[in-house]
Structures are given as C-alpha cells and as structure tokens.
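Given the coordinates of chain A, work out where chain B should sit on it, guided by the hints.
Those protein sequence lines, which keep their order, are chains A and B.
Take the first sequence: its letters are residues 688 to 1104, numbered as in this note's numbering.
Take the second sequence: its letters are residues 0 to 120, numbered as in this note's numbering.
Everything labelled a hint here was simulated from the structure, so no lab data went into it.
It should be emphasised that the depicted structure is a prediction, and the values quoted were computed from it without experimental measurement.
Keep in mind that the hints are not guaranteed to be accurate.
As the list claims (entries may be wrong) - Footprint (simulated), chain B over chain A, 3 or more residues, beta carbon under 8 Å:
#, segment
1, 723–731
2, 765–771
3, 827–837
To be verified - Cβ-to-Cβ under 7 Å is the rule here; a few derived chain A residues that face chain B:
#, residue
4, 842
5, 846
6, 1012
The C-beta atom is built at its ideal place from N, Cα and C for all residues, glycine as well.
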Amino acid sequence: MDDDGKDRVRAQVDNVYRVESRRVLATLIRLLGGFDLAEEALHEAFAAALEQWPREGIPDNPRAWLVVAGRFRGIDALRRRRRLEVAVAGMGESNAPSWPPPKASDFQDVADDSLRLLFTCCRPDLPPDAQIALTLREVCGLTTEEIARAYLTRAPTIAQRIVRAKQRIREDCIPYEVPSLAELPPRRAAALRVIYLVFNEGYSASSGTDRLRESLCDEAIRLARLMADLLPDPETDGLLALLLLQDARRAARTSTSGDIVLLAQQDRSLWDKQLIAEGVALVERSLKSGRYGPYTLQAAIAALHAESPDEASTDWRQIVALYDLLNRIEPSPVARLARAIAVAGRDGPATGLPLVEAILSSGELGDYLPAHSARGELCRRLGRRDEALVSFRRALSLAHQEPERRFLARRIAELED
Amino acid sequence: MKYLCLLYGNQEKSSKLSKAEFAALVEQCKVHDEELRRTGAVVSVESLEWDVTTVRARGGKPTVIDGPFVETRDVVGSFLVIEARDLNDAIRIASLHPAANMGEDLGWGIEIRPIADGCHQ
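With the rest of the complex left out, here is chain A:
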C-alpha cells in the first residue's frame, strides 16, 4: 500500500479508536477480568490494527476484530506474568488467581458490557468522588488530566482515587458483573447519581474549559441514554429528560463575551426544540407511570420552563406545586430554596423573600452561593438596595469562577451607582 493509502488507514484507525475504544475496553475488562490488563490489551490491539490493517484492509467488524486481538494478547500477557511471578518468587506453584476460561459468548452484545462497566464503576461502596473519576476515565475515556482540570483538582489526586477504586474492585469476588435484580435498585441509583453529578459539573460554571464542560454534558447524556435503553425505568427516563431539557438551553446560557445569562433573560429562540420535545415526551411518559421520583419531578419543572414562550408566561403555579411534591418525597434545603424562588415567581418577591431568609437564618446553605444570590436578587427587585448589596457581596465572596464573579460584581456595581 502506498503512503497515501497508509495515511488513510491510519486516519480510519484513529476514527475507530474514537468511536469504539470505550466499548472494546468494556468487553476486554469482562473477558480478562481486570482494568489494567484490559487497558494494556486494548493498546496492543490497536497497535496490531495499525500494523495489519494497511496490509489486510479494514475488517468488516472492527470492534470484533479488536476484541479478539485484545483478548489474545491479554491472555498471553497473563500467562507471561504468571511465569514471572513463579520466577520471581522461586516457587513451583504460582499464587496468581485463575481467570475464567473463554466462553463461546465472547461476542455478547457489547452494549451490555458498557452497562456492566458503568455499574462496576458506580458502586455505592466507593466514595462518590471515586465513582465519578472512575466512570469518567473508564467509561467515558477522559484522561486523568482532563478529569483533574474539570474538577479543579490535581492529576495525582485523581490518579490515586482511581488506583484505589480499582484495588477495591479487584478485591471483590464478582467484580465485573451487572448486578442481580435484588441488587439493582441501589446500583442503579448510584449510577444515576454519578451521571447527574457528571452533567452538573459540565453544566455549572465551576469546571474548566468550555470544551471539557461540553464533553462532560455530552458524556452524561450518552450514559443516561445507555441506561434508558438497556434498563428502562421511569426515574432513568426522568434523569435523561432533565439532562436533555437543561442541555437544550446550552446556546442561550452564556453571552458571546462568556458572561452568564440568567434563565429569565435568555433568548429562548436559541433553545434546542428537538431536545425539548424529546425531554417533554420522556417526562410525560414517566409521570404517567406513577413510579416517578425526584429526577422526573425536576425534569417536569424544567419542561414547564422549556415550554413557556417567555419568562412572563411561565406557569409558576404548577412549578410551585411540583416543588411541593419534590420536597415531600426528597426534602432538602436546596429544594426548599428552589421552591421559595418559584413562590417569588408566582406571588412576587415580597412573598418569596421571607421564605429564602427563613432558610438562610436556619443556618443551612450558609455557604451556598445561589442562596445569597437569590436573596440579593429579590431584595434588588424590592428596591431594598443595602440588603441586596450585603447578599451579593456575600455571594461574591463564595464565587470560585470568573463568569460568576463578573456577574455578581456587575450586580454590585449597578447597585452602588
């Protein structure tokens, strides 16, 4: 093959890597029974592809080819390591654990393996930080450094979290299985929570570069879709709906100069109608089932905003009713704050403000920026300038990111004039 041909093949291998590598990894983890071995096998499989595909052409089923190549090399490495352990220990017998023999079902549906891997990473017995880091790296394919930048921590901190999590999983007896029906609800809840946290990180202004933020949101949506496809469930649909409805507003959330645009001021013509339609349909289906939970309710609230042509037409009455329901099934100070803001929308700032102040004076959310920002906003609308300034200044002291700081600084400057 000539050089142009080789470059074409190389580009195709790169493309296959981008599209398939995570799923091939998930299958290799199941077949080889370990993260590191699978990662090494994946690397070698792609190296083999780069070497052989220019000669033999791209296979009809690249993913299957890579799985076979990876498994072969992985088993080879395991055999070598066993001999290594024997050589180093100077013993006749190896203490290395045996792994299950290859099954006829080597080409089980790869999508199942992705879900299997997701559940492996989202184990309730691992700290949430570790679940997130592991999921982002192993399931989503982010690098350690990208995860660190997204969460504003150092790479060695993330690396250690991931290594420890993998050690915990290794110590488990049946580490890489989709949980049995009895274990499913808590595992599913853990997976949904991780997906939600990943999306939230991408959605909030606190993460790193724009590109990373967007890819976090995209990855979270991809995982939510995977869960919804393979393990249908109203709350899973609810979470997917919530993510789609929030993502639909992406283009309108920041101005061209990178400043925050509040929901009330957003240009709704920039909202993605297709995502909204999909999200609304999922919410309706989930609510009808009667087996909905907090994610569905939050999605229903997002749907009401999404369907309103402008801020003034927002159905605040229904939104407050939904927050009432949310606070009944999953009470939290944050949910109460959100309800208070909705009450202000329904009945005016004079009614909402005491509710916000009650939450703050109870000592909860003292360090929660949105609580102070909300109080500042309501005081501002009521013309209570000095109180608004106190709250906005407190919020500014809690702000970690530039867009947030700029927004609050602007509010303060406007009030000081």
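Coordinates of chain B only, in the frame set by chain A:
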C-alpha cells in the same frame, strides 16, 4: 503524553550488597524489565553512575559544587521517559518496573513527572 520516571534508591544500602546478592537482584530485575520493554512505551532508559556534580549561579557566575543539589540519603539511580495516554496509564506502566515491585529495603521508588507539553495548557 510523555512522563519522566525517576528511580530512587538508598545509595548506602545498595553499596552494602554482596556480589551474590547484587547478582540475584539483577536477575530478578530482568524479568520485570522485560515486561516493561514489551509495552513499547519506553522512549528512553538510562542508568546513572553515582558521581554527582552540581552547577549553579553564585554572584551571577556559574559555580561548581562537588556533590548533589540537595543532600539526601535517597538518590536517583536511573530514569525512564515513557509515552502514556495519561497519568493513570503512566502509573500502570511504571508499576511494571522492578522498583515498583521489589527493593523495599533498598529504598527503591519511582517518581513520575509529566513532561510539559505546550498544547496541554
């Protein structure tokens, strides 16, 4: 991405090994070294002699010091440059090195330093 791996060891303890002990050590290391080599991730690897000389500015002029920059019991005995997807991948590869699997009483350890890459700001 490239990572520099610095292999540390206690010089004093190493120098106390008998010839036989040293030979056995080398044999054990070979097996790990082979695994490391097979990864294809090693860009370069070198062992260092124990002699250390330092140059630094004093009064704006280069001054030579017989000895290390910092006096420590633990000294860099060799280094590797490896190519890895990310830090966890670098850890996986470095964990194949003898210093990550043996030599605890010789104070062996590996420091991993990412090599700065302009496009990863």
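Examine the segment 765–771 of chain A: at least three residues should have C-beta closer than 8 Å to a C-beta of chain B. holds (count 3)
Counting residues of the segment 827–837 of chain A whose CB is closer than 8 Å to a CB in chain B, do you get three or more? Satisfied; 4 residues make the cut.
Against chain B, run the beta carbon of residue 842 of chain A and see if the smallest gap drops under 7 Å. Check passed: Cβ of residue 842 of chain A comes within 5 Å of chain B, closer than 7 Å.
Against chain B, with CB atoms and a cut of 7 Å, does the hint on residue 846 of chain A hold up? holds, 5 Å
Next item in the hint list is residue 1012 of chain A. Is there a CB on chain B closer than 7 Å to its CB? Violated. Min distance 42 Å.
At least three residues with a C-beta closer than 8 Å to a C-beta of chain B: is that true for the segment 723–731 of chain A? Holds: 4 residues of the segment 723–731 of chain A have a Cβ under 8 Å from chain B.
Comparing the model with each numbered hint stated earlier shows that hint 6 is the single one that does not hold.
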